[in-house]
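Enquirer: One-letter residues, chain by chain:
There are 2 protein chains.
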Amino acid sequence: MLAVAVHEARIGLAEGGIPIGAALFDADGRLLGSGHNRRVQHGDPSAHGETDAFRNAGRQRSYRDTIMVTTLAPCWYCSGLVRQFNIGTVIVGETRNFAGGLDWLRSVGVNVVDIDDPECVKLLAEYIRDNPAVWNEDIGEG
Amino acid sequence: MLAVAVHEARIGLAEGGIPIGAALFDADGRLLGSGHNRRVQHGDPSAHGETDAFRNAGRQRSYRDTIMVTTLAPCWYCSGLVRQFNIGTVIVGETRNFAGGLDWLRSVGVNVVDIDDPECVKLLAEYIRDNPAVWNEDIGEG
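Line by line, the protein sequences are chains A and B. When we follow the UniProt record's numbering, the leftmost residue of the first sequence carries the number 1, and every step to the right adds one. When we follow the UniProt record's numbering, the leftmost residue of the second sequence carries the number 1, and every step to the right adds one.
Read the hints as simulated data drawn from the structure, not as lab findings. Be careful, since some hints might not be right.
Per the computed footprint, the stretches of chain A lying under chain B, defined by three or more beta-carbons under 8 Å from a beta-carbon of chain B, are [to be verified]:
1. 38-49
2. 59-67
3. 71-83
4. 132-142
Heads up, the beta-carbon is just placed ideally off N, CA and C, and yes, glycines get one too.
Required output: the full structure, derived from the provided sequences and hints.
Expert: So, in structure tokens, the structure goes:
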């Protein structure tokens, strides 16, 4: 499942964007929707990887048994998405470049798995090194 | 400023959608972007009033001095948006139909103002009464 999110991140990078991808799966591992950060490509600050995947999955009756897989720990915005819609499980590629709201999600009962994947770490670390201003804009750092 | 958000909510209602609207202003009261919930209209569960207004405002260098005005207290998803992007002030039309994450935002230093506007309360209460399933879907209640 992480490979789907990484594929999305790589699409984003190829488009000139921030390489963060995500995918939402149902309990049987069926893909509901995937997406990636589109801040640069669409000039859309609301399109983080997780929110883009959530959007592309369309309307769902319940998220309790769904699994959000993302290349990077979700920020407060995306952690809030997970909490509000009661997404049961979050699998993250890494937390080294950004820790996000994972402890908060654990504290409210979300099942969190950190894969600590070297490819995910390297992909984003290189982007941040080369594009610090865009990265800071994406996480609301002035 | 609340009138802009209420106008957006009424557009949403006229489109057959959930009547929640929002608007983002700069420190001088200049409108940066406004929007409304588009779950029903666009089949887009990611488009809450606040996220739609944030999206329509486009990329901004800093949100510290911006003001998010919304007809309803922001849910966890939209509260997370406010926290991540350090939006300094949130003005809400009402908290009676939904309390959202306002206490959490206050605890991290966001300036929160609750207008407790009867028009906002009535507009959403009537929608919830007539469309309980759509409302519950919008706040992730199974």
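Enquirer: Checking C-beta pairs, does the region 38-49 of chain A have three or more residues closer than 8 Å to chain B?
Expert: With 6 residues close enough to chain B, the hint holds.
Enquirer: Within the assertion that chain B covers the region 71-83 of chain A, do at least three residues meet a Cβ-to-Cβ distance smaller than 8 Å?
Expert: n = 8 at 8 Å, threshold three: holds.
Enquirer: State whether the coverage of the region 59-67 of chain A by chain B holds or is violated, taking the criterion as 3 or more residues with Cβ-Cβ distances under 8 Å.
Expert: holds (count 6)
Enquirer: Examine the region 132-142 of chain A for residues whose CB is less than 8 Å from any CB of chain B, and state whether their number is three or more.
Expert: Since 4 is at least three, the answer is holds.
In terms of the numbered hints stated before, the structure departs from none.
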